[in-house]
Amino acid sequence: MWISRAAAQPDSFEELAMPLFSQLYNFAHWLTQNREEAEDLVQETYAKSLQGFSSFRRGTNFRAWMYRILRNTFLSSRTGLRAAVTVPLESEEDGLELAVRNENPETILMTRCNSELVQTAIADLPIHYREALLLCDVEEMSYQEIAESLSVPIGTVMSRLSRARRTLREQLQHKCQGERVVTGTGKGVNHGL
Amino acid sequence: MVCEPYKSKLDTYLDRELPEPEMRSFDSHVRSCLSCSAEALGREQLQRSIQIAGRRFTPSAEFRKRIQESLASKPQRNFVLSSFRPGWLLSAAVVICAVFGVFNSHYLGSRSGSDHVFSEIADLHVATLASSSPVDVVSTDRHTVKPWFQGRIPFAFNLPELQNTGFSLQGGRMSYLDQSPGAHLIYDVGKHHISVFVFQDRAVPVSIGKNSSDPQQQSFNVETWRQGGLRYFVIGDASVDDIHRLAELFKQ
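One line per chain: the protein sequences are E and L, in this order.
Taking the numbering used here, the leading residue of the first sequence gets 1, the next gets one more, and so forth.
Taking the numbering used here, the leading residue of the second sequence gets 1001, the next gets one more, and so forth.
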């Protein structure tokens, strides 16, 4: 009996893990904020996950499993431990209601800020907010998948996302206003009008 | 205010994470409410900006090649046999499987499953210690920590008396193993942190021996046992002796 290879599920570690390579690297770079450290982190993640591949249960979420290994590896690194002690002042239990803010033309304009400003604002976020935001908005993971990747309850994911977005909006609003003043001054625009 | 309940869940709505009936109700409200639709638009635009800006870093071709080469140089364990070789090779494999498979399958299956559980426990331990808030109930008093779990987990357990043992309780938090809630307690001995996890035994996804240990679990020492329908795990970078002493205190 022959089974065509094309019909078979991806079965080797390489077949499952390599399609995640670019996104894992992107995430690692956002965590470490440094190219060499990101490469080391990804390399260590692949080595550890290959070593532990026999313990991965088929049918469970491989992507979340890989992200969890990457994140735990990062958190136990020197850079990760340093980043993790940046404690958000607010409790993680409450926070969803704090996301209620009035959007107005100002905030809509703010979202059109250039990509570089958004990147700087993301990089400035505390690590727990940054990782939740990236997994949700960039990797398009579900809350459940993020919870599995970060080893936290779904409520914590929602709370961190809410705070991340609120902080980002505030930062961007501030930065965009600054940029418009600088740009406007350069072009001789009269903001008083 | 009629919009308030909607606005508080706007992000969850835009992430398409609300239950279906609530999504429908939200859709119709956003269509008819100017304030909420403007706010939804603003937030959606921000999400798009984040998505674009977030895809910022690309690995070099050289780095990709290096990883691929390193994977290719190491043996990989496959999930399934993806192709069959005909003839005697297949027959030989069947015979070998028949002879040895019966004896090994139970042992290997449970070993692989228990490896996974130990790995999960090690992940939980590391992630918690690296967390900015490792414990949700901060107390060295077991009579404060134990009641905190009431109503949060579907079982009760006892915390040992630690006087003159060298161990000190730091606090506790909720934990989850295979989507089942449990208790996570953190103890200190010397400069070492030790985690004690307590789950319902039936919530543990695989069968683990009544008492077992895995001394080489990601450099941590681990001890586990079953008692009164509960599954206990003690894990940390403390010595095997300290891990065992704390386990024995719980068993008393």
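No lab work stands behind these hints, which were simulated from the structure alone.
Among the hints, a few may not be true.
[What the hints assert, rightly or not] With a straight-line cut-off of 20 Å between C-alpha atoms, the simulated EDC-like cross-links for lysine to aspartate or glutamate are:
{"#": "1", "chain 1": "L", "residue 1": "Lys1065", "chain 2": "E", "residue 2": "Glu14"}
{"#": "2", "chain 1": "L", "residue 1": "Lys1251", "chain 2": "L", "residue 2": "Asp1178"}
{"#": "3", "chain 1": "E", "residue 1": "Lys48", "chain 2": "L", "residue 2": "Asp1188"}
{"#": "4", "chain 1": "L", "residue 1": "Lys1065", "chain 2": "E", "residue 2": "Asp40"}
[To be verified] Partial list, derived from the structure: chain E residues whose beta carbon lies under 8 Å from chain L:
{"#": "5", "residue": "Met18"}
{"#": "6", "residue": "Pro19"}
{"#": "7", "residue": "Leu20"}
{"#": "8", "residue": "Tyr46"}
{"#": "9", "residue": "Gly52"}
{"#": "10", "residue": "Phe62"}
{"#": "11", "residue": "Ala64"}
{"#": "12", "residue": "Leu75"}
{"#": "13", "residue": "Arg78"}
{"#": "14", "residue": "Thr79"}
{"#": "15", "residue": "Leu134"}
{"#": "16", "residue": "Ser151"}
{"#": "17", "residue": "Met158"}
{"#": "18", "residue": "Gln171"}
{"#": "19", "residue": "Gln173"}
Treat the numbers as computed from the prediction; the structure is a model and nothing was measured.
Just so you know, even glycine gets a beta-carbon here, dropped at the ideal spot from N, CA and C.
Right, here's what the structure says about each hint:
Straight-line distance between C-alpha atoms of L:Lys1065 and E:Glu14 comes to about 13 Å, which keeps the hinted pair within the 20 Å bound. Using a Cα cut-off of 20 Å, the hinted pair L:Lys1251 and L:Asp1178 is violated, with the two alpha carbons roughly 24 Å apart. A threshold of 20 Å between alpha carbons decides the hint, and for E:Lys48 with L:Asp1188 the separation of about 28 Å lies outside it, so the pair is violated. A C-alpha spacing of about 14 Å is found between L:Lys1065 and E:Asp40, which places the hinted pair at or below 20 Å, so the restraint holds.
Hint status for E:Met18 relative to chain L: holds, with the closest Cβ pair at about 7 Å, below 8 Å. A hinted interface residue such as E:Pro19 counts as satisfied when its beta carbon comes closer than 8 Å to some beta carbon of chain L; here the least separation is about 12 Å, so the hint is violated. Taken as an interface hint, E:Leu20 does not check out: its beta carbon lies about 11 Å from the nearest beta carbon of chain L, beyond 8 Å. The beta carbon of E:Tyr46 comes within 6 Å of a beta carbon in chain L, closer than 8 Å, and the hint placing it at the interface holds.
Of the supplied interface hints, the one on E:Gly52 holds, with its beta-carbon coming within about 6 Å of a beta-carbon of chain L, less than 8 Å. Interface hint at E:Phe62: violated, since its Cβ lies 10 Å from the closest Cβ of chain L, which is beyond the 8 Å cut-off. Residue-level restraint check for E:Ala64 is violated (minimum Cβ-Cβ distance to chain L is 11 Å; threshold 8 Å). The interface hint given for E:Leu75 holds, since its Cβ lies 4 Å from the closest Cβ of chain L, which is under the 8 Å cut-off.
Taking 8 Å as the C-beta contact cut-off toward chain L, the hint placing E:Arg78 at the interface is violated, the least distance being around 12 Å. Annotation: E:Thr79 was flagged as interfacial toward chain L, and the flag is violated, the nearest CB pair being 12 Å apart, outside 8 Å. For E:Leu134, the suggested interface contact is upheld, since its CB lies about 5 Å from the closest CB of chain L, less than 8 Å. Because the closest C-beta pair between E:Ser151 and chain L is about 4 Å apart, less than 8 Å, the hint holds.
Hint status for E:Met158 relative to chain L: holds, with the closest Cβ pair at about 7 Å, below 8 Å. Because the smallest distance between the Cβ of E:Gln171 and any Cβ of chain L comes to about 11 Å, over 8 Å, the interface hint for this residue is violated. Against a cut-off of 8 Å between C-beta atoms, the interface hint on E:Gln173 is violated, since the closest Cβ of chain L lies about 11 Å away.
The structure does not agree with the numbered hints 2, 3, 6, 7, 10, 11, 13, 14, 18, 19 stated previously, though it agrees with the rest.
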